[in-house]
Amino acid sequence: MTVEPLVRATALTKRFGSVTALDALTVDIPHGRTGLVGANGAGKTTFFRLLLGLGRATSGRLEVGGHAVDDDPIGVRSTIGYMPEHDCLPLDQTAADVAATFAELSGLPPRAARQRASDVLDLVGLDEARFRPIAGFSTGMRQRTKLAQALVADPQLLLLDEPTAGLDPTGREEMLALVARVGTFGISVLLATHLLDDVQQVCDNVVMIDGGALVVAGATEGLVQRTGMVVVDVGDRGGELVSALVARGMNATVVDDTVEVTVTAVDDVDTIRDAIADLGLPLHRLSNRFRSLDDVFLTAAGHP
Amino acid sequence: MTSTTSGATSGAVYDRGYRPYDGPRGGRRAVRLALFRVSVRRALGLRRPWRQKVAPFLLLGVAVIPAVVNVGIGYVTRDSPPIGFEFITYRDYVVVSSSLFLLFVALTGPDVLCPDRRNKVLPLLFARPLTGADYVAAKLGAIATIVFAFGVIPQIVLFGGQMLVRDRALDYLRDNAEVLWQVPAAVAVVAIYYAAIVLAISSLTGRRIVAAAVFIGLMFATATVSAILVGDTSQQFNQGSVAGLIDLAALPLHLRDLLFLGHLDPEGPLGGVAKGGLFAVGTYAAVLSVALVVLFVRYRWEDR
Numbered sequence: 001m002t003v004e005p006l007v008r009a010t011a012l013t014k015r016f017g018s019v020t021a022l023d024a025l026t027v028d029i030p031h032g033r034t035g036l037v038g039a040n041g042a043g044k045t046t047f048f049r050l051l052l053g054l055g056r057a058t059s060g061r062l063e064v065g066g067h068a069v070d071d072d073p074i075g076v077r078s079t080i081g082y083m084p085e086h087d088c089l090p091l092d093q094t095a096a097d098v099a100a101t102f103a104e105l106s107g108l109p110p111r112a113a114r115q116r117a118s119d120v121l122d123l124v125g126l127d128e129a130r131f132r133p134i135a136g137f138s139t140g141m142r143q144r145t146k147l148a149q150a151l152v153a154d155p156q157l158l159l160l161d162e163p164t165a166g167l168d169p170t171g172r173e174e175m176l177a178l179v180a181r182v183g184t185f186g187i188s189v190l191l192a193t194h195l196l197d198d199v200q201q202v203c204d205n206v207v208m209i210d211g212g213a214l215v216v217a218g219a220t221e222g223l224v225q226r227t228g229m230v231v232v233d234v235g236d237r238g239g240e241l242v243s244a245l246v247a248r249g250m251n252a253t254v255v256d257d258t259v260e261v262t263v264t265a266v267d268d269v270d271t272i273r274d275a276i277a278d279l280g281l282p283l284h285r286l287s288n289r290f291r292s293l294d295d296v297f298l299t300a301a302g303h304p
Numbered sequence: 001m002t003s004t005t006s007g008a009t010s011g012a013v014y015d016r017g018y019r020p021y022d023g024p025r026g027g028r029r030a031v032r033l034a035l036f037r038v039s040v041r042r043a044l045g046l047r048r049p050w051r052q053k054v055a056p057f058l059l060l061g062v063a064v065i066p067a068v069v070n071v072g073i074g075y076v077t078r079d080s081p082p083i084g085f086e087f088i089t090y091r092d093y094v095v096v097s098s099s100l101f102l103l104f105v106a107l108t109g110p111d112v113l114c115p116d117r118r119n120k121v122l123p124l125l126f127a128r129p130l131t132g133a134d135y136v137a138a139k140l141g142a143i144a145t146i147v148f149a150f151g152v153i154p155q156i157v158l159f160g161g162q163m164l165v166r167d168r169a170l171d172y173l174r175d176n177a178e179v180l181w182q183v184p185a186a187v188a189v190v191a192i193y194y195a196a197i198v199l200a201i202s203s204l205t206g207r208r209i210v211a212a213a214v215f216i217g218l219m220f221a222t223a224t225v226s227a228i229l230v231g232d233t234s235q236q237f238n239q240g241s242v243a244g245l246i247d248l249a250a251l252p253l254h255l256r257d258l259l260f261l262g263h264l265d266p267e268g269p270l271g272g273v274a275k276g277g278l279f280a281v282g283t284y285a286a287v288l289s290v291a292l293v294v295l296f297v298r299y300r301w302e303d304r
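Each protein sequence line maps, in turn, to chains B and W.
The first sequence begins at 1 in the numbering used here and counts up by one.
The second sequence begins at 1 in the numbering used here and counts up by one.
Since the hints were derived computationally from the structure, they do not count as laboratory data.
Careful, some of the hints might be misleading.
Simulated restraints, written as ranges between beta carbons of each label pair [claimed, not checked]:
{"#": "1", "chain 1": "W", "residue 1": "LEU122", "chain 2": "B", "residue 2": "GLN156", "range": "21 to 27 Å"}
{"#": "2", "chain 1": "B", "residue 1": "ASP28", "chain 2": "W", "residue 2": "PRO184", "range": "53 to 59 Å"}
{"#": "3", "chain 1": "W", "residue 1": "SER99", "chain 2": "B", "residue 2": "LEU91", "range": "30 to 36 Å"}
{"#": "4", "chain 1": "B", "residue 1": "ASP127", "chain 2": "W", "residue 2": "VAL290", "range": "46 to 52 Å"}
{"#": "5", "chain 1": "B", "residue 1": "ARG56", "chain 2": "W", "residue 2": "ARG51", "range": "40 to 46 Å"}
{"#": "6", "chain 1": "W", "residue 1": "VAL54", "chain 2": "B", "residue 2": "LEU91", "range": "18 to 24 Å"}
{"#": "7", "chain 1": "W", "residue 1": "PRO20", "chain 2": "B", "residue 2": "ASN288", "range": "37 to 43 Å"}
Calculated lysine to any residue pairs in the SDA-like style (CA-CA distance at most 25 Å, straight line) [as the list claims (entries may be wrong)]:
{"#": "8", "chain 1": "W", "residue 1": "LYS120", "chain 2": "B", "residue 2": "LEU52"}
{"#": "9", "chain 1": "W", "residue 1": "LYS53", "chain 2": "B", "residue 2": "ARG111"}
{"#": "10", "chain 1": "W", "residue 1": "LYS120", "chain 2": "B", "residue 2": "SER118"}
{"#": "11", "chain 1": "W", "residue 1": "LYS120", "chain 2": "B", "residue 2": "ALA165"}
{"#": "12", "chain 1": "W", "residue 1": "LYS53", "chain 2": "B", "residue 2": "ARG114"}
{"#": "13", "chain 1": "W", "residue 1": "LYS53", "chain 2": "B", "residue 2": "ASP92"}
{"#": "14", "chain 1": "W", "residue 1": "LYS120", "chain 2": "B", "residue 2": "ALA135"}
{"#": "15", "chain 1": "W", "residue 1": "LYS120", "chain 2": "B", "residue 2": "CYS88"}
{"#": "16", "chain 1": "W", "residue 1": "LYS120", "chain 2": "B", "residue 2": "ILE74"}
{"#": "17", "chain 1": "W", "residue 1": "LYS120", "chain 2": "B", "residue 2": "GLY41"}
{"#": "18", "chain 1": "W", "residue 1": "LYS120", "chain 2": "B", "residue 2": "GLY75"}
{"#": "19", "chain 1": "W", "residue 1": "LYS120", "chain 2": "B", "residue 2": "SER78"}
{"#": "20", "chain 1": "W", "residue 1": "LYS120", "chain 2": "B", "residue 2": "HIS86"}
{"#": "21", "chain 1": "W", "residue 1": "LYS53", "chain 2": "B", "residue 2": "PRO110"}
{"#": "22", "chain 1": "W", "residue 1": "LYS120", "chain 2": "B", "residue 2": "ARG142"}
{"#": "23", "chain 1": "W", "residue 1": "LYS53", "chain 2": "B", "residue 2": "LEU91"}
{"#": "24", "chain 1": "W", "residue 1": "LYS53", "chain 2": "B", "residue 2": "PRO90"}
{"#": "25", "chain 1": "W", "residue 1": "LYS120", "chain 2": "B", "residue 2": "LEU91"}
{"#": "26", "chain 1": "W", "residue 1": "LYS120", "chain 2": "B", "residue 2": "THR79"}
{"#": "27", "chain 1": "W", "residue 1": "LYS120", "chain 2": "B", "residue 2": "ARG114"}
{"#": "28", "chain 1": "W", "residue 1": "LYS120", "chain 2": "B", "residue 2": "PRO133"}
{"#": "29", "chain 1": "W", "residue 1": "LYS53", "chain 2": "W", "residue 2": "VAL210"}
{"#": "30", "chain 1": "W", "residue 1": "LYS120", "chain 2": "B", "residue 2": "THR139"}
{"#": "31", "chain 1": "W", "residue 1": "LYS120", "chain 2": "B", "residue 2": "PRO155"}
Residues from chain W that keep clear of chain B, each with C-beta distances beyond 12 Å, as calculated [as the list claims (entries may be wrong)]:
{"#": "32", "residue": "LEU60"}
{"#": "33", "residue": "PHE87"}
{"#": "34", "residue": "SER98"}
{"#": "35", "residue": "ALA149"}
{"#": "36", "residue": "GLU178"}
{"#": "37", "residue": "LEU204"}
{"#": "38", "residue": "ALA213"}
{"#": "39", "residue": "LEU258"}
{"#": "40", "residue": "PHE260"}
Quick caveat, the model's predicted, so the values are computed rather than measured.
Just so you know, even glycine gets a beta-carbon here, dropped at the ideal spot from N, CA and C.
Please model the entire structure based on the sequences and the hints provided.
Dropping the structure here:
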């Protein structure tokens with residue numbers, strides 16, 4: 001049985017005068033957590049705006065849950081939660097008021113809106129701070145408030161635009177953990193970022209765009225595939241191992257205190273193991289080397 | 001997930017997790033109504049620090065004072081008509097004191113519109129099932145309603161008080177029954193007009209103080225220019241002049257006169273002008289239309 005994609009873009013093009021923000025973008029985005037990756041100006045925010053029906057495509061078609069955005073932008077919008085990148089919160093209001101207000105503005109009755117606001121602020125870790133004015137919040141707390149207002153109406157799709165921007169390492173990890181957790185609630189997440197590590201950490205799928213055009217799309221696991229390299233950590237005696245492996249006719253080099261060995265057959269791993277045993281080296285790690293999403297992006301986009 | 005501690009007294013920590021919302025959801029009408037409610041609350045300082053409540057309610061209190069004084073004097077002199085005291089008429093009381101009225105409009109109008117632009121909340125608002133027209137309708141409705149209440153509440157105090165201090169309250173009600181529709185109609189004409197102008201000006205800036213100053217300045221500037229021109233022509237022709245239409249603050253008062261008197265005030269700035277009533281209605285409609293066009297253009301939320 002074929003599962004319908006959550007978002008389907010077909011030859012989607014958006015031009016602002018002479019600038020092409022999206023260039024015949026054709027991609028299917030499945031349910032689940034998907035990273036929308038691209039450099040600044042790649043067209044991520046434009047894609048979000050088209051999803052929300054806040055702009056009209058120059059040409060092409062965009063569907064969310066099988067509904068064309070151009071045909072029913074309000075209907076599509078009511079199924080989406082949006083967390084913008086920039087500051088967008090009324091600073092003189094409390095987090096509880098903001099979340100409740102945006103729940104009401106999504107059509108929830110006032111009493112239900114306040115209850116949902118309380119629940120969602122609890123979920124994002126702002127339960128104790130919810131009655132404080134946002135002006136006194138840290139960047140991390142503001143990001144959480146933005147996430148709360150996006151979640152408060154229980155959307156089917158959550159659009160997160162650079163949710164870790166401006167956060168310190170701890171705040172970033174906590175935000176990514178929240179995003180990963182939201183994905184387990186049955187809410188699909190589309191995470192726009194230029195930080196490939198964020199995507200690799202929490203997303204099941206990746207869509208990479210560059211200059212408004214699709215670079216590559218697919219399951220994260222599939223893109224970060226094996227490279228035919230094995231990484232061996234034998235402490236500070238990597239040079240000895242390289243010499244031994246080269247003597248056995250293999251291609252090996254020392255990279256960042258580890259030894260990277262090209263393997264072409266299963267027997268090659270046995271050869272590495274035997275060389276280590278013969279030399280009496282301490283074996284700390286022997287693993288496949290995976291490509292990072294950075295490698296995938298740079299290779300697919302044709303960047304040096 | 002529940003964890004408990006062993007012992008006679010045991011505590012429990014509950015992770016309530018995420019509860020999807022499956023309650024009722026309103027459509028665009030409910031969202032418009034929610035934005036209307038939020039805007040009214042904001043303008044009156046409800047659910048905000050007490051300092052925000054002081055100004056609107058203080059002004060309302062001041063506006064009611066003439067009514068209370070009139071009723072008080074009416075009660076004290078009910079057996080012998082006062083000499084040298086002229087009771088305020090419902091027609092005169094429509095705008096209470098024009099300066100007080102303008103001050104109230106300048107205070108509440110920018111406060112419901114400017115912060116949305118200044119705090120960059122608009123992208124969040126328009127990510128909801130809401131159009132630019134819905135936004136304008138809700139905000140205009142909120143301010144017009146508040147201004148209407150500001151104009152009508154003192155009238156209710158005046159009418160109710162005058163009725164109660166009479167020996168024959170029902171006779172007073174019957175004798176003055178026409179003001180029961182004249183006052184609401186006249187105040188509505190004034191409220192919609194001032195609300196549209198102050199919001200149109202507020203839509204052009206993110207700073208409340210600038211919007212309020214421009215609104216007050218525009219009203220006084222046009223009143224001054226009009227007074228100078230009408231004064232000159234009055235000396236020449238011994239009558240009013242179409243230049244009286246320049247006075248934007250007084251323009252709705254001509255419509256008030258049409259509602260109360262059936263014709264323009266002969267001693268007013270348009271007194272004696274042929275088809276002056278028609279000119280007044282036309283100018284009123286034109287100014288209102290310009291204000292609405294500015295608002296709808298400013299919040300035509302697409303392709304920004």
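Output the numbers, in ascending order, of every earlier hint that fails for this structure. none
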